[in-house]
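J.: With the sequences and hints as input, model every part of the structure.
Here are the chains, one letter per residue:
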Amino acid sequence: MRDVSASLRSPTGVLPELRAIACILIGLGTAPATSGAQEPVPPGDFSALDIDELARIRITSVSRRPEPVARAAAAVTVISREDLRRSGASTLPDMLRGVPGLHVARVGARDWAVSARGFNGQLSNKVLVIVDGRTVYSPIFGGVFWDALAVPLDEVERIEVIRGPGATLWGANAVNGVINIITRSAAESDGGRIGVATGTRTPIRGSARYGDTFGEGAAYRIYAGGRDREPTMLADGTDAVDDWRFGQAGFRLDGAPGPQRWTLQGDIYNGFGDTELLLPVASAPYAVRQLDQLDVRGGNLLGRWTHTRSDASEMAMQLTYDYGFRRQERLFGTLRSNVLDFDFQHRLAGPGRTDLLWGVGYRLKADEVSGAAPISFTPARRATHLASAFLQGELPIGSRLALTAGSKVDHNSFTGIEIQPNVRLLWVPGARHSLWGSVSRAVRTPSRIESDAMAIAAVPGDVIERRLIGSGETASEQLVAYEAGYRTDPGRGVSLDIAVFHNEYDRLRTIEPGTPDVSGPRVVVPLSYSNRASGRTWGAELTALLRPSPGWRLRLTYSHLQLRLELEDGAPPGTVAEAGGGVDPEHLASVHSSMDLPGNLELDVVARYVGALEGADVVDYATARIRLGWRWQRRVELSVAGQDLFAPRHREFPTGVYVADDRHIERRAYVQAVWRF
Amino acid sequence: MLAAWLPARALHAQALGGTLEYQVKAAYLLNFTRYVEWPEQAFTSPTAPIDICVLGTDPFGGALEQAVAGRVTRGRPLIVQVKRSAAEARYCPVVFVPGALWRRNPGLLEQLRGHGVLTVGESEAFAKAGGIIGFVIEDGSVRFVVNLDARDGAGLRISSRMLALAAHLYGGERERP
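Residue numbers (the working numbering), protein chains in the order written: chain A, -19 to 657; chain B, 57 to 233.
Hints listed in this document are in silico derivations from the structure and should not be mistaken for laboratory results. Given the structure is predicted, the values throughout are model-derived calculations rather than measurements. Every residue, glycine too, gets a C-beta built ideally from N, C-alpha and C. Warning: the hint list may mix true and false statements.
A few chain A residues that don't get close to chain B, going by computed Cβ distances all over 10 angstroms [what the hints assert, rightly or not]:
#: 1; residue: ARG164
#: 2; residue: GLY171
#: 3; residue: ARG207
#: 4; residue: ALA236
#: 5; residue: ALA264
#: 6; residue: ASP321
#: 7; residue: GLY341
#: 8; residue: GLY351
#: 9; residue: LEU371
#: 10; residue: ILE377
#: 11; residue: ILE436
Derived coverage of chain B by chain A (criterion: at least 3 residues anywhere in the stretch with Cβ under 8 angstroms from a Cβ of chain A; other residues may be distant) [stated by the list, open to error]:
#: 12; region: 81 to 87
#: 13; region: 112 to 125
#: 14; region: 135 to 148
T.: Below, the structure is given as structure tokens:
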């Protein structure tokens, strides 16, 4: 073969016929002998070559072919770094707005409610959030404290949002969706970056980063950032009590010696702010307002090692540790949590043309809640664990079909063994179209709050004291999800993504009253958690991407959701489903217009509409962000942005039972300067 | 028996797969998609395909389709299109301008300039005139030259590895590797 190659390089010129014959000989050498007469020149003979090889015409191995997201058999949305930078969003939840199927609601200056395909709440627990492979998860309630999520926003490479169950790969609590936040490798954060912004309600927000290479192929970055957020407003336009100051710092190291890659990264954070609570008292008026302070601090550390043994085999091992501290003296006292998580996964070529992925994981969660105030835990200190294993295989059927099937098996401290399988089929009739469908089962396992908590409700003027007592006996919530989708990219600057779903839930968490205790001066009604609701959700999500002209992009999204819950026969009167009580909008729509203007100017408009939350008297609203940016040689970037522009203030979500007043989000503006060096 | 069908297959290859020169050029085009970074604005979405558009008459004779069939660059499938005019091709991340067409109509480069379009032609003169990449034949091998100013004008980034393998670089004095 080498001789043939050499003859091709001969400067004397070869007859075309001889060239063609030589080409066939090369082809015969690399393609299977069964390739048949229809394909006279086996594809891949030259296309597998790199530039320098092409210049010399020499043959080596075929390059690795990663799975394109466009061909994933799931409803996936990817927000790119550029979209994030240009969107004018200044917090992480804000960056998630405009992802179809996600309902992102701002509750106050620091509080958010985020859910996918329904069941929203401040303690929403059916969406899994992952930062650089680390599960962000409070063992107390199984969800995310958004106020304590320390992600270096300027270093985010992309955010991948998967609507629908991701339980087979990610495990319990990836019931309705997975939000996967991926920051850049340290090698890509080369040099310095300083960004400072000031504006209404956020007098100062800034961050600084520096990165460089060291040693052989290794790189580091360090960063620090902070913000001072003034309180949101009450209905009458005066200040609420929910200001927030938050600072964070962190580092990341990346290295790639030979076929191995390793990452070590960590963050620390600290936040504090005032808060006004509504707390229960034993005598009339049974609930009083009190000022309190919220303190959060914590940190995390992640180490990951990846070894690529060949094109077909890659293994990765990861260890993460997360510490969280949260104090609100008058509400729950002090909460400390520790989560240690070990993960191993291995991708390899299976029999036939299958691609196999398997892994094992172990998570140890230990927490302690100390304090006697209206929310308390018995036992105060508890360690729980989650052990898991999964196997998933992808089998191509012909060249246009791919079947993916797999399952995860978990063992957790609350409900024992849980099995979460899924099967997915992808059909790619042509490069510009793909169709997919899937059936999957997912569970949400209980957490400390429903097992061990005791909470006394605060209702002004209510002579009955309601006590919610964790039963220790709740079961997992279960979902069987049926999904389908279609993607097309017909060219000419248009692409379309449609996903439809029908979710069947069973054993949804309910709260039911027990026998009233009338022995004391005040009637006490005990409430307990149970799993007596079932439900259905169905809906559709649509994304259209348009490029009306070369410097102008439009991203349009629309989401529709229907949610129906039913209590099982025999549920005691007064039983209510804990989530899904009318705080999920039927309609969500957004438009992001991104324009390049002459003179290095960028103009972005993000407008969105959120339907009414009937169960919480939150009216529907439309609002917009506008950002005008100017860049000079990638070094300097100046921008001015307006946020929530359509009304002086609007309300997005009900506050919790222990917060006295509804909060309203103000119209705001900021200016920002970024300098790279 | 082998000898009996060899010439037939050779002819077949000529008809379907184009000449060796174009098979190599097709493989180069595939490689360029891996070494060139487009501005985000060049695509509708992070997963949109990379269209490789051939302007006018396709000289590849199927070799380009074969070279990119099933290939994916950074999550984007590759697709070959034949466009009749430069105006139609201005949405394409890669535009191949056959040598004969450019010699007849050098003005078409103007219509492709500055839109995140990687223009690839078939001569040194093409690159000198403001095209980004020009294929050249050196010592019987296909090589290429790069116009760095044209690259900057289109807002593209080209990896230093690819630039190091170019037969010649024009413009952008400071950045030569």
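J.: Give a verdict on every hint.
T.: Going through the hints against the structure:
{"no.": "1", "hint": "ARG164", "result": "holds (14 angstroms)"}
{"no.": "2", "hint": "GLY171", "result": "holds (15 angstroms)"}
{"no.": "3", "hint": "ARG207", "result": "holds (26 angstroms)"}
{"no.": "4", "hint": "ALA236", "result": "holds (16 angstroms)"}
{"no.": "5", "hint": "ALA264", "result": "holds (59 angstroms)"}
{"no.": "6", "hint": "ASP321", "result": "holds (28 angstroms)"}
{"no.": "7", "hint": "GLY341", "result": "holds (26 angstroms)"}
{"no.": "8", "hint": "GLY351", "result": "holds (46 angstroms)"}
{"no.": "9", "hint": "LEU371", "result": "holds (25 angstroms)"}
{"no.": "10", "hint": "ILE377", "result": "holds (15 angstroms)"}
{"no.": "11", "hint": "ILE436", "result": "holds (49 angstroms)"}
{"no.": "12", "hint": "81 to 87", "result": "holds (count 5)"}
{"no.": "13", "hint": "112 to 125", "result": "holds (count 5)"}
{"no.": "14", "hint": "135 to 148", "result": "holds (count 4)"}
The earlier numbered hints are all upheld by this structure, with none contradicted.
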